[in-house]
Amino acid sequence: MSEGSPARPASQETETETETTGETGGEADATTEDAAATPERTTGAAAVVTALERANVEHVFGVQGGAIMPVYDALYHSDIAHVTMAHEQGAAHAADAYGQVTGAPGVCFATSGPGATNLVTGIADANMDSDPVLALTGQVPTNFVGNDAFQETDTVGVTRPITKANYFADDETTIGDLVTEAFTVAGEGRPGPTLVDLPKDVTNAETEARPPEERDAAAAPAAEPQAVERAAEALASAEKPLVLAGGGVTKANASEELRRFATTFEVPVVTTMPGIGTFPEDHDLCLSWAGMHGTGYANMAISHTDCLLAVGTRFDDRLTGGIETFAPDATVVHVDIDPAEISKNVHADYPLVGDAGVVLDQLFETLPDGPDDRWATWREQCATWKEEYPMSYTTPDDEPLKPQFVVEALDEMTPDDTLVTTGVGQHQMWAAQFWTYTEPRTYISSHGLGTMGYGLPAAIGAKLAAPDREVVCFDGDGSFLMTVQELSVAVRENLDITVVVLNNEAIGMVRQWQDAFFGGRRMASEYRWMPDFATLAEAFGARGFTVDDYDDVADTLEAALDYDGPSVVDAFVDPAENVYPMVPSGGANDQFALSEDHL
Amino acid sequence: MHGPAPEERTRPVGRRSSQGIRVDPHAEATHEPRRTALSALVYHEPGVLAKVSGLVSRRQFNIESLTVGSTTNPETARITLVIEEPEPGVRQVEKQLLKLQPVISVRELGGDAIRRELVVLKVHGDEPDKVNAITQMYDGRTLDAGPRTITVEITGDEQKINDAIDAYRQFGIRELARTGQTALARGDEWTTDAEEERYERMQTEMGTSDSE
Chain U
1 MSEGSPARPA SQETETETET TGETGGEADA TTEDAAATPE RTTGAAAVVT ALERANVEHV
61 FGVQGGAIMP VYDALYHSDI AHVTMAHEQG AAHAADAYGQ VTGAPGVCFA TSGPGATNLV
121 TGIADANMDS DPVLALTGQV PTNFVGNDAF QETDTVGVTR PITKANYFAD DETTIGDLVT
181 EAFTVAGEGR PGPTLVDLPK DVTNAETEAR PPEERDAAAA PAAEPQAVER AAEALASAEK
241 PLVLAGGGVT KANASEELRR FATTFEVPVV TTMPGIGTFP EDHDLCLSWA GMHGTGYANM
301 AISHTDCLLA VGTRFDDRLT GGIETFAPDA TVVHVDIDPA EISKNVHADY PLVGDAGVVL
361 DQLFETLPDG PDDRWATWRE QCATWKEEYP MSYTTPDDEP LKPQFVVEAL DEMTPDDTLV
421 TTGVGQHQMW AAQFWTYTEP RTYISSHGLG TMGYGLPAAI GAKLAAPDRE VVCFDGDGSF
481 LMTVQELSVA VRENLDITVV VLNNEAIGMV RQWQDAFFGG RRMASEYRWM PDFATLAEAF
541 GARGFTVDDY DDVADTLEAA LDYDGPSVVD AFVDPAENVY PMVPSGGAND QFALSEDHL
Chain H
1 MHGPAPEERT RPVGRRSSQG IRVDPHAEAT HEPRRTALSA LVYHEPGVLA KVSGLVSRRQ
61 FNIESLTVGS TTNPETARIT LVIEEPEPGV RQVEKQLLKL QPVISVRELG GDAIRRELVV
121 LKVHGDEPDK VNAITQMYDG RTLDAGPRTI TVEITGDEQK INDAIDAYRQ FGIRELARTG
181 QTALARGDEW TTDAEEERYE RMQTEMGTSD SE
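Line by line, the protein sequences give chains U and H. Those letters in the first sequence? Residues 1 to 599, per UniProt numbering, in order. Those letters in the second sequence? Residues 1 to 212, per UniProt numbering, in order.
Hints listed in this document are in silico derivations from the structure and should not be mistaken for laboratory results. Source: prediction; values computed, not measured. Each residue gets a CB set at the ideal place from its N, CA and C atoms; glycine is no exception. Please note: incorrect hints may appear among the correct ones.
Unchecked claim - If you want a taste of the chain H side facing chain U, the calculated C-beta under 10 angstroms gives, among others: (1) Ser18; (2) Asp24; (3) Gly47; (4) Arg91.
As the list claims (entries may be wrong) - Listed next, with one range per pair, are the computed distances between beta-carbon atoms: (5) Gly14(H) - Gly565(U): 35 to 43 angstroms; (6) Trp513(U) - Gly14(H): 27 to 35 angstroms; (7) Pro390(U) - Asn62(H): 45 to 53 angstroms; (8) Glu412(U) - Pro4(H): 27 to 35 angstroms; (9) Gln381(U) - Val23(H): 22 to 30 angstroms; (10) Asp417(U) - Ser65(H): 13 to 21 angstroms; (11) Pro33(H) - Pro575(U): 44 to 52 angstroms; (12) Glu208(U) - Glu45(H): 39 to 47 angstroms.
To be verified - A few chain H positions that, by computed beta-carbon distances, are all more than 10 angstroms from chain U: (13) Arg34; (14) Thr67; (15) Glu108; (16) Val120; (17) Asp129; (18) Gly146; (19) Pro147; (20) Ile165; (21) Thr179.
Work out the full structure: start from the sequences and follow the hints.
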């Protein structure tokens with residue numbers, strides 16, 4: 001089909017190559033030699049790489065392929081380290097976690113067509129969690145676009161609803177500018193994924209144009225002073241104030257400002273799940289996280305507060321439950337950098353549009369000094385709820401291993417700054433409930449999209465972002481199987497990560513819902529057969545362990561942590577164990593169930 | 001010791017409406033859907049209409065009509081969006097539109113804005129005199145009159161167009177095409193801030209060059 005169509009001279013040579021090598025790329029010797037002989041040759045692809053270098057990008061995650069080959073070729077002479085992932089979804093998740101740990105956009109590469117569509121899940125995930133990600137995708141040459149060419153997809157069209165911004169680079173003289181802009185947009189303000197689609201003729205084309213030097217970051221925006229004063233008055237006159245810290249606090253690096261605010265005024269703090277770690281969970285004022293599987297005391301506090309200072313949260317339905325019953329007595333002070341989040345789900349009585357850290361400081365300066373004595377009663381009430389509804393589980397000797405025990409055991413063995421990644425499901429909830437997070441950016445999970453398979457590639461991205469820190473991944477058996485191939489990458493890169501599979505032989509969260517709300521009809525949620533994950537790990541070149549007994553947990557986890565490389569612990573846990581507390585979908589936060597009896 | 005079971009716990013008294021607004025004597029509010037027009041100034045670049053319409057549809061806003069056309073600046077276009085939403089929905093559409101990269105400025109048009117729509121409709125030509133009378137009544141124009149059909153155009157606000165269409169029904173309408181509303185703010189008022197700023201900037205620049 002390419003022979004019959006007019007092609008631009010610049011892209012003609014490599015076009016033939018694409019046809020024969022297809023997605024896998026194959027040998028690129030001819031191109032490599034050419035590049036080695038004339039390293040000063042500047043192309044659209046070189047401008048793309050220069051743009052990444054000028055943005056101080058150190059790692060990129062991706063998979064080779066026909067349409068992205070010129071960009072990979074330009075990477076040949078770059079100091080940027082490329083991590084070849086097993087699947088593009090893994091590349092997007094790894095870039096996402098990398099971006100969460102470093103705070104700057106993570107970068108992923110994919111070729112056109114299937115490469116780009118495989119990124120979609122990861123991009124959508126980053127979009128829901130406002131994670132900074134830059135995706136660069138190859139595209140068929142511009143004169144083929146729209147002709148249903150080999151490996152063509154309308155990537156810009158497909159990703160439009162799931163990106164903060166996306167671009168089609170149709171001009172080699174501005175391609176570097178576009179990549180620089182996309183990188184900046186991904187990281188600034190409310191972060192999010194951006195994408196630049198790179199047609200092969202444009203990346204191949206000769207150009208003298210270079211991308212601009214990285215532009216200075218815009219100053220963090222402050223809220224209007226009069227609005228801050230009104231909000232401060234509302235807080236000061238409250239009887240039962242409560243801070244709700246969301247993922248926006250993490251994104252704004254506002255953990256210090258939050259801690260100063262809450263501890264100075266002695267206001268109890270509840271976080272959302274993405275806000276985990278912004279306030280130390282071992283602090284007296286911390287009520288952990290609220291929502292469907294959040295703590296009973298967090299949900300009681302949300303339901304009874306009369307003034308909710310919500311910072312950097314979009315009031316997701318997993319947090320609010322039924323909107324009609326969410327924080328029913330509270331005036332809401334809503335701090336968010338994105339004006340579109342104000343009064344989207346919960347009406348903001350006092351909207352404060354600005355950077356979380358800046359606005360928290362503005363409020364701090366505006367409020368009268370010191371804690372309000374009237375609030376002591378409220379703090380005591382919160383402490384009572386902590387005693388009434390503690391997070392607990394039972395560990396009788398004759399029962400199968402409890403997943404919560406495994407989480408707590410690993411928490412005890414690892415340093416405070418350990419990075420925890422998770423897949424999605426029951427294990428994710430236990431990892432959030434029974435691990436004590438004291439630092440921001442340490443719980444790295446898929447929140448808004450709920451992407452099973454997120455954990456392992458995220459652990460790879462997290463480890464490369466912070467090689468000196470301990471990285472553990474809690475996964476479920478179902479979730480682990482969705483991206484298990486990325487284990488090959490962890491082995492190839494020799495990444496010291498520890499994966500703990502809380503294996504309950506099911507898509508456990510679905511099974512829990514079937515038991516609770518579908519008359520126990522366990523349709524397609526239980527696995528009748530599962531691979532032996534320890535042997536599977538060994539086949540990939542990792543270390544594999546199994547554990548099913550309380551007495552062996554400590555030794556096994558210790559051995560897995562000690563192993564200098566990727567290890568997988570297949571922990572056979574009690575299939576009957578479910579996640580509690582639970583606010584039934586659409587219910588009121590304070591109507592959480594502590595067991596099956598309450599549902 | 002575990003605290004009270006769900007049904008035994010003390011419940012807070014307040015509630016929120018389905019729009020997340022606290023329902024109490026001070027803040028009680030329910031919003032009925034209303035029909036309104038938003039004017040968006042956008043960069044005139046490929047895909048901008050798809051971005052705007054995609055955003056409106058995927059967020060489930062109830063769209064009545066959407067028109068697009070050029071402005072005094074060749075680099076920008078105006079999109080007039082008629083929606084039927086309760087107040088919080090209108091504000092959401094406005095704010096979500098502003099988040100789109102090619103959108104420069106968005107303004108909800110007031111009740112006194114000048115709104116116009118064009119309809120071209122084709123009726124059976126059995127009673128040409130009667131058709132002509134109706135056309136004149138609505139300040140319309142006959143575009144084509146043949147032995148079998150008569151095609152007319154009517155311009156006006158939405159209500160006038162609706163009335164005119166009703167009036168033509170007696171002849172049997174074969175087909176019709178409506179453009180949807182396009183609108184500008186009335187009088188001195190600017191439709192969007194960005195246009196006002198650009199106009200003033202250009203006035204200043206012209207003033208500067210004159211004096212040089």
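I'd like to know which numbered hints this structure contradicts. Please list them from smallest to largest. 5, 10 and 12
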